[in-house]
Structures are given as structure tokens and as C-alpha cells.
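Chain residues, written in single-letter form:
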Amino acid sequence: MDAAEATQIDWFALAPELAVLATALLVLLVELFLYGQRKRFVNPLAVVGVLVALGLVVALAVDGSDRAAFGEMFVADSYALAFKGLFLSVALFVLLISYRYFAEIRTFQGEYYFLILSAFIGMMLMPSARDFVMLFVALELVSIPGFIMAGLRKFDPRSNEGAMKFLIIGILSASTLLFGLSIVYAFTGTTSLAGTAAALTDVTREPLLLVGTLFVLVGFGFKVSAVPFHFWAPDTYEGAPIPVAAFLSVASKAAGFAGLLQVSFVAFEPLSDAWAPVVAVIAVLTMTLGNVTALAQRNVVRLLAYSSVAHAGYMLVPFALVRPGEAALNSSALSAVLVYLFAYAVMNIGAFAVVTAVARRHPGRHLDDYAGLGQRSPGMAGSLTLFLLSLGGTPPLVGFFAKVAIFAAAVEAGQADQAGGYVLAVAVVVNTVISVSYYLRVAGRMWMSEPTDTAPVQPGYALGFAVGGLAVLTVGLGVLAPLVTHVADQAVIAAGG
Amino acid sequence: MAAIYPLTFAALLFSVGVYGVLSRRNAVLVLMSVELMIAAVVVNLVAMNEIVATQMGDPLLTGQAFALFVLGIGAAEVGVGLAIVLLLYRNRANVNVDDAELMKY
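Protein chains in written order, with this note's numbering: chain A, 1 to 497; chain B, 1 to 105.
Accuracy of the hints is not assured; some may be wrong.
[Unchecked claim] Covered by chain A, per the in silico footprint, the following chain B stretches (three or more residues, Cβ under 8 Å):
#1 12-22
#2 32-42
#3 59-66
#4 76-85
[Said to hold, decoys possible] Over 10 Å on every C-beta distance to chain A, these chain B residues come out as not near it, computed from the model:
#5 A2
#6 Y5
#7 N26
#8 F69
#9 R92
Everything labelled a hint here was simulated from the structure, so no lab data went into it.
Quick reminder that beta carbons are idealized off the backbone N, C-alpha and C, glycines included.
Generate the whole structure from the sequences, applying the supplied hints.
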């Protein structure tokens, strides 16, 4: 690739990111000129920007051709567009959840919306990145605003502490990832994903190279809160503002998975028989530890945090099924991850939305605050029950369908002569059964116990709309499951330069 | 140049950094240890770029360009880190990482 080729830019491919970037800057600027109560109007501004970006993503999808910029470091293919659509929809719901919450805190609204939009730019760059440099920049663009947002409740020592833990583990894993990348670069001489894959197909497998690839995977393991690197998650979620916790557990995790998908299904695919067993062990440990620890939680946010750790474990299962050269098997594993991410986003943001609503009245977020919620606000309690049942994998909700996708991918791998596939399938089923017990415990508190406080929860329009919309999606996508599978199957990673 | 020297040096530097992050109690020293880890990465990238360029030719100087990105983003990360340490100090009047244990399990 020569220099002239490397600097060609297809602006249309970049349009969604540019729209969000413009909105982020506008939000920061406009907030300066608004006073008091009016500061909350930056939220609708951000929503409009996200909707424009969503429109541009749809326009790119309708256009249909694979576009590239920056010498194919940035690619807008069907895979990237599917992820961008997911991220922008998540952004929309996170903004709706944030509206009332931040309007009532009345601090740092402009900064918060600026930071969250910047993080979403990083997320949108992630599935488009076809080069390790770009991938790293995108990853950090998601992480760094996350550190600040986690510490946004400056007055609360818990928030400080959560942000500090998040930061230290974040930097530690980012440096590990970089160290791994620098070793892999020494062997391949390139940072492009496709070039790395080509260089790794006939390389002698020195231990140093395998250590390098593992280091890279470890860096992403932090982002998706896989088990040895999950310690930050519950503490950070507990300390952070609840919309930020929703953002971290859904959007930031999905971005980590997007990056991990490209790294493991494209760049490191030739070495997958060496690292996939390690991922299999991590996947089983992650789901088991997440679920078992969640059983003992009394704080709703921590319970959801451990449940999201467990869900990361389910989503890691398809990564353990990658084998060099087996394209059919790998692509069904890839679409299983995508299906699960879509479903997980819908139900988990929904659960956090209800928690945000209840926290207006009960800032403690204790499980006892949910006693008798069914009598106080049947709508909220009904929706939360729906989300929890879906997280537990109850048919016909979307969560059931996502678990089936993972299970099917594992069994398919098992039939294709990988005994490990069956073991993983069994682990998913056993863990689902464990998880249902704590989801049902929360549901039981809401419907069986007597309320300690009789006043209904008042979510307000934006939050009410978000909860209602997500509840409809949880049921609707469960019924229209083939639609999600269709989108996931369409998404193929165009390798790029 | 033999690859073993820079690789060994970078690995040692990285290990010292990891040890510092895990063992130091003072948050500022933890951040300094992080800087050591980032420095190890930069050493690796620049040295490997030199070796790769002589072996296969690399007109874009990928490794060195990557090193610049690493330095820039590393500085941003540590900047945010210092801000959070300052916040911790305001609320608690010390920057001891071990004392941050309000939340467990």
C-alpha cells in the first residue's frame, strides 16, 4: 500500500461517526449557554444526533456496498453496520434512561452527554476497525470516558472507589494487550488484521508468539468482564450512576465483544486451536462464578453486575469453538455471538431502566426496596419480571432464543468432532438453571411480599417509554426470532486490508 | 541487531511495572508503574519495527507510528487516573489503594 492509497477517505462510510462527533461537540458547547433547569435540554439534542446517525447507518445498509477509508483500516461492511445499528439503538435507550436521572442530579450534564457520546464513537469505530492500531484507539475511546463517567458522582466515596478500581484494572489490561500486540507485531511485521492472519498461517509456533496472542485476548477479557478480570465490574456498577452502569454492562461490553470477534475470528484464527481451549476454560469459569456469586447478592445493582458477568461467560462459548480453516463452523459461532448480544442488550438495559426508576425513590437499591412492587406499580414490576425471565432464558422471550443460538453452536461443534462442544453446551444449560433461581428470587420479592412503602414508582415519560419499549422488544423479538437470526447471518466480516 | 536484547529488556521493564501495580499501596506510585508498562510496550514496538523493516521492508514504519499512538493514549489514561486520585484524596484525605474497600464481593 502506498501513501496516496492510504490517505483516501470515503466520507460516506464515516458519516455516522461524524454525526455523533458533531453532536458530542454541540452538546458540550450548548450546555454552556443554558442555565439551571434548562440544562436538561441537552439530552433531546443528543437524542436527535443519535437518530441522525442511525438514519445514516440505515442509508449505508441500503446502499449495501462495502466501503473503506484510511487505507482499509476502517471498513463499513454488513458486520460493522449491524453492530453500529445495535450501538446506536443502545445509545438511544441509555439517553432516555439518563434524562430524568441527570436532570435531578443537575450536575455535569453537558460533560456527561459529551462523554457518553464520545464513548459511543469509540464503539462505532470498533467493529469497523481492521487494524490493531485502530482497534486499540477505539478500545481506549470507549474505556477512558467510561473511567470518568464511573466517577461522576464525585461526592460519593463509593463512586471514587469504583472509578479507581475500574481505572487500574483497565490500564493494566490495556498495557497487557499492547504488550501482546507488540510481540505479535514482531512475528508478523504488520498490524492489519488480514495481514496478521496471512502471516500467522504458516508461522512456526514459538511459545513467545502464543503468549503474545494470549496477552491480547486477556486485554479484551477485561472489557467484557471475563472471570479473572471481572473484579471491577460489581464495584464500578455499584458506585457509578445507574445509567452509566447500564452503559458499562451493555454497550461497553458489546464493544469489547465486537473487538474480540474481529481479533479471534479474523486475525488469530490460524492459531485458534492453541488459544480456544483457554477461552473455553475462561467461559465456563466466568458463567459459573458469575451465577454462583449472584446468588448471594442483596444489592440489586450488584446482582445485575454478577449476572452480566455470567452472560459474558455464555457469550464467550462460541469463541471457544473457533477452529482454523473451518469457515462454516466459525460463521455459525459468529452469528450466535451476534444474536446473543442483540438479545442481551434489550433485556439488560430494560432491567437497568427499571432499577433507575425505582432508585428515584429508594437510592439504596436494596433488594428489600422491591418488596411488593407488584402492588405499587404493576407496570414496572411486570416489565422487570419480563426482563429477568428473559435473562434467565424463559421461552418465548428473546433471552431463551439467544441461549438456544449459543447452545446450537456448541452442539454443532460437538457433532463436528470437538468433544469440548458438548461439555460447553452442558455448562450453559446447568448455569441457566442456577441463574433462574436468583432471577426468580427478585421476581418473588416483587409479587409475593408485602410492600414496605405504598407509593407507586414514578418513572416519568422518557424512562416509562424506555421501559415499555424494551418490554415490547423483549417479547416481540422473542416471537420474531428469525428476524434477528437473519440480521446476524447477513453480518459477515469483510476482512479488508 | 538481535531481537533478544530489546525483547528481554522490554519484558523486564514490563514485569517491574506489573509488580509495581500489584504491590504498591500509593495510587500515584501505581500510576507510575503503569507508565513503566507502557514504556516497555514502546521499546518493544520501536525495536521490532527496526528488525521488521530490515527483514521484510516496512515503508509505513507501522511500529513507530503505533508507538506514537500508544504514548498519546497512555498519557490521556494517566491524566484521567490522576484526576481520579485527586478525587479520592479530596473525599478521604489519603491516596492509599488498600483502603479503598467499601465494597467487596
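Outcome of the hint check:
1. For the stretch 12-22 of chain B, the assignment as covered by chain A holds, since 4 residues bring a beta-carbon within under 8 Å of that chain's beta-carbons and 3 suffice.
2. Taking a C-beta to C-beta cut-off of 8 Å, the stretch 32-42 of chain B contributes 5 residues in contact with chain A, enough for the three needed, and the coverage statement holds.
3. Check on the stretch 59-66 of chain B: 6 of its residues sit with their Cβ under 8 Å from a Cβ of chain A, so the three-residue criterion for coverage holds.
4. Figure legend: the stretch 76-85 of chain B, annotated as covered by chain A; annotation consistent (8 residues with Cβ-Cβ distances under 8 Å, at least 3 required).
5. Even its closest Cβ contact with chain A, about 12 Å, leaves A2(B) beyond 10 Å, as expected for a residue assigned away from the interface.
6. No Cβ of chain A comes within 10 Å of the Cβ of Y5(B); the nearest lies about 13 Å off, and the non-interface call holds.
7. The beta carbon of N26(B) is kept farther than 10 Å from every beta carbon of chain A, the shortest such distance being approximately 12 Å.
8. At the 10 Å boundary, the C-beta of F69(B) falls inside the reach of chain A, the nearest C-beta of that chain being 6 Å off.
9. Look at R92(B): its CB is around 6 Å from the nearest CB on chain A, not clear of 10 Å, so calling it non-interface is violated.
The structure fails to meet hints 8 and 9 from the earlier list, while all remaining hints are met.
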